[in-house]
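A.B. asks: Here is what each chain is made of, one letter per residue.
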Amino acid sequence: MSILGNRVLRREDPKFLTVGGTYVADLDLPGSVHLTFVRSSMAHATIVSVDTSQAAAMPGVIGVYTNDDLGMANFPTIMGMTNAAMTAPMLASGTVRFVGEPIVAIVAATRESAADAAEWVVVEYEPLTVVIDPVEARKDNDLLFPDAGTNTSFTLDFGGDESLFDDCEVVIELTLANQRVAPCPLEVRSAAGHMTADGRLEFNSSTQAPHGVRDALATFLNLEPGKVHIVTPDVGGGFGAKASVYQEDIVVGWCAQQLGRPVRWTETRSESMLGLGHGRAQVQHVRIGGTREGIVQAYRIEVLQDSGAYPNFGTVLPFMTRVMTSGPYKIPKAECASVSVVTNSTPTVAYRGAGRPEATAAIERIMDLFAREIGMDPAEVRRRNLIGKDDFPYTTPVETVYDVGDYHQALDLALEMAGYEELRAEQARRRAAGDVRQLGIGLSCYVEITNGLPDGEFGAVEVRADGKVIVRTGTSPHGQGHVTAWSMLVAEQLGVPMEDIEVIHGDTDIVPRGAGTMGSRSLQIGGAAVNQAAVDVVEKAKDLAADLFEADRGDVVLDKASGSFHVVGSPAVSHSWADLARAAVAKDGNPLFAEVDLASPGPTFPFGTHVSVVEVDTETGKVTLLRHIAVDDAGRIINPLLAEGQVHGGIAQGVAQALLEEVVYDLDGNPLTSTFADYSFISAAELPSYETRFTETPTPVNALGAKGIGESGTIGSTPAVHNAVCDAVAHLGVRHVDMPTTPIRVWNAINEAASGNQNGKERR
Amino acid sequence: MQIDMTVNGTAESHDVEARTLLVHYLRDSVGLTGTNVGCDTTSCGACTVLLNGQSVKSCTVLAAQAAGDEITTIEGLASDDGRMHPVQQAFQECHGLQCGFCTPGMVMAITSLLAENPEPTEADVRIGLEGNLCRCTGYHNIVASALAASRVPEMQK
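Quick mapping for you: the protein sequence lines, in order, are chains A and B.
Using my numbering, the letters of the first sequence correspond one by one to residues 1 to 764.
Using my numbering, the letters of the second sequence correspond one by one to residues 1001 to 1157.
Treat the hints as calculated values from the structure; they're not laboratory data.
Don't take every hint at face value.
Straight-line distance between alpha carbons at most 25 Å, and here's what the computed DMTMM-like set of lysine to aspartate or glutamate pairs gives [unchecked claim]:
1. A:Lys560 x A:Glu492
2. A:Lys15 x B:Glu1075
3. A:Lys622 x B:Asp1124
4. A:Lys139 x A:Glu550
5. A:Lys333 x A:Glu492
6. A:Lys15 x B:Asp1080
7. A:Lys15 x B:Glu1012
8. A:Lys15 x B:Asp1028
9. A:Lys622 x B:Glu1130
10. A:Lys468 x A:Asp597
11. A:Lys15 x B:Glu1093
12. A:Lys330 x A:Asp435
13. A:Lys15 x B:Glu1070
14. A:Lys15 x B:Asp1124
15. A:Lys227 x B:Asp1081
Using the sequences plus the hints, can you model the full thing?
C.D. replies: Below is the structure:
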């Protein structure tokens, strides 16, 4: 019986539960010294002077460095696509452009002495005009990079078909914010490095992409990539924000190179809230048109993306928004255009979903308004427009090719699980009674893209003479459970017990290549590579077994129940994996192993429907999430326990964006949410248990039939919750409430509607 | 200053600065790194340990305040023969952890919560864990772990 598809408990857990993980800050590095950064307290200013003399004289201080000391080039543009005059220095040079930008690096004997010394650095600033609103930034009245001549960092302009909506009976528009949020992995950024006697940089990093860190360090420190060795210990979450390499990582490496002793850095949470990239941060203008029978004929989205102070991955995420423009719907005409601008705020990066939640939020919100305009149930409007299961592969108006799906099945199942008709009846009852607590029901049908980047992945399987199996993978898990899942895949192919399989990741000496873990890519490309390597090892073993048996190769069979090979019809005489591993070495000195560099077969498109049920207290504006129903289809599920875990976590982050979380700056660019005391990180008390189911529509794109599941929860949940809140107060005349739907916003919306103001009107 | 306390049943005595927080005493002086630091505002609960059997956030207790007291960390929860505590066991069986960073604090907080309230409702657990943040699990399986642990006979004594 196959192990695949079973709820196999995680092999990773006992260590975490009994002694805790080993994160970078936990590493015992004898003789190590501590690095800390002096960060800008101004959002936009000219640096007049930096006086480090007093800091340098403080007890325990070993080195104090500015950008001039480093002598390194700026970070490159993102994928060569962003404005070349807008690159980031390692440490601020001449100008600071956001609060939290590192200016000075201090190395001292202890964490405390470094922090004490940082207080004595005197930076004199000459304030510049702060640009914090992306709408203002786009006007180019005040520039962050005068040499660029613009605040625009990246644009996507396709179409612009003036006749797009000409045939539509009904056309609706909405401007909505997809607010800036903070990824908040529980472990902040942390790194440590030291030079070995033979001139190699040994480096530990809390990262999602060890090989990316290796290559960046090698480039900036002028080392051969082989002279940089990354060891990624346990990583306490990343959510996309740790897929980027940061200036601080490079400075840690540089200091280690200069000082010849171990240098370590762990930021504080308050630093992390400013220095770790933020997510989302789009202003969207959407327009939808269709018939009164509920058929959508045209859709257009214009995205204004806030890049933050220096273009990072956030700048180019509208590309991913564009790819998913028309969502799961069969819309004949659809367009997306975008402009990304720099503002005096923390740079934006990939955050769980990275461009796709934004696309889904936009179309799902306006689908509800369209339904309302024509007086049709929002579930029915969606049903009438979903792409049919016989339409795949389906090419959208923006030329994205969806692989496979059954979107109607997901919708129907979610509605059934929710008890949709009963919920609507209860809502009607409360509305008729004028209850203080009104019920809101929100839907979100989504489709998203996973493994959307072109990278392939490395996987290797080796059988040792003692019968143990060593698996090496280029993915870099940080909570996803790859050790368990990859063990399952190899156990399935080889017929060996999972406990005999060791999975190695994150060490760039042992794993030569890897793109890492992000974009929900790991199983479908990294797992598939490991799976292929396992298949290849079985084939090699059959060759060896044929020699040992002196039999025809085609007659050799692997009995997966016992993990041994025999000749067909003669099971009494068999060879174990250990026998064959020894035979391999005896034959030519090489171990029994296979390595695979699996080229990406292209993206897959997970989909589903979420239904959310909220209660809104109309006297206080407080929203309570009562239920959240999620039907997700990620193709074939290898381990439902792990897949559900991914969905759960994604839902919570998505709910958090809809209800609570927002990074806020004042007009001077001062961050108002720079600690966990200020930022509304969602807790268990604000969430219910979730009702989740999977449908399984295997993708033809990879051998496993698997799609990504890491981000679906976030993508599907936010619009469902947002729509539910708006739905709860729609009958009071509220058209739209921007996220996060905090009590004050909901309360204001109710009161404005009561006084005749229309919310959600055009404001641009 | 010299600070003595009992950590996981072992007598500890270390010379530390007066400003040393309990969490840094445990991590840096005692060398037990299972207890994590997740924030600097007493918000996340990653550093939760038991002080004389009750959960505290060890980033908000000076080591000096715990002088003479008994501390239990994640490393001291399993029995001497290595058998996991019912809360630890429940976390494994319910997939109550992903990246593991909040886990020691969560496990200690739940251990304390169940000692106070052996038969909690789901709402009791959720409110009880309001001060312990997790970014990976959406809390669903952490709450399930707490409820599962509460049903273990050993916990109902």
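A.B. asks: None of the hints should be skipped; say for each whether it holds.
C.D. replies: For each hint, the structure was consulted:
In summary, the hint linking Lys560 of chain A to Glu492 of chain A is supported, as the alpha carbons are separated by about 8 Å, within the 25 Å threshold. As the CA atoms of Lys15 of chain A and Glu1075 of chain B are separated by approximately 10 Å, the hinted pair is consistent with the 25 Å bound. At roughly 21 Å between alpha-carbon atoms, Lys622 of chain A and Asp1124 of chain B fall within 25 Å of each other, so this suggested pair holds. Annotation: proposed proximity of Lys139 of chain A to Glu550 of chain A is violated, straight-line Cα distance about 79 Å (limit 25 Å).
Between the alpha carbons of Lys333 of chain A and Glu492 of chain A the distance comes to roughly 46 Å, so the proposed pair goes past 25 Å and is violated. With a CA separation close to 16 Å, the supplied pair Lys15 of chain A and Asp1080 of chain B stays within the 25 Å bound. Between the alpha carbons of Lys15 of chain A and Glu1012 of chain B the distance comes to roughly 24 Å, so the proposed pair stays at or under 25 Å and holds. Restraint check for Lys15 of chain A and Asp1028 of chain B: the C-alpha separation of about 20 Å stays at or below 25 Å, so the hint holds.
At most 25 Å may separate the alpha-carbon atoms for a hinted pair to count; Lys622 of chain A and Glu1130 of chain B meet this at roughly 18 Å. Restraint check for Lys468 of chain A and Asp597 of chain A: satisfied, since their Cα atoms lie roughly 23 Å apart, inside the 25 Å limit. Under the criterion of a C-alpha separation no larger than 25 Å, the hint pairing Lys15 of chain A with Glu1093 of chain B is consistent with the structure, at around 14 Å. The hinted pair formed by Lys330 of chain A and Asp435 of chain A fails the criterion: a straight-line CA distance of about 38 Å is larger than 25 Å.
Pair hint Lys15 of chain A plus Glu1070 of chain B holds up; C-alpha atoms about 24 Å apart against a cutoff of 25 Å. Distance check on the hinted pair: Lys15 of chain A and Asp1124 of chain B sit about 28 Å apart at the alpha-carbon level, beyond 25 Å; violated. Between the alpha carbons of Lys227 of chain A and Asp1081 of chain B the distance comes to roughly 44 Å, so the proposed pair goes past 25 Å and is violated.
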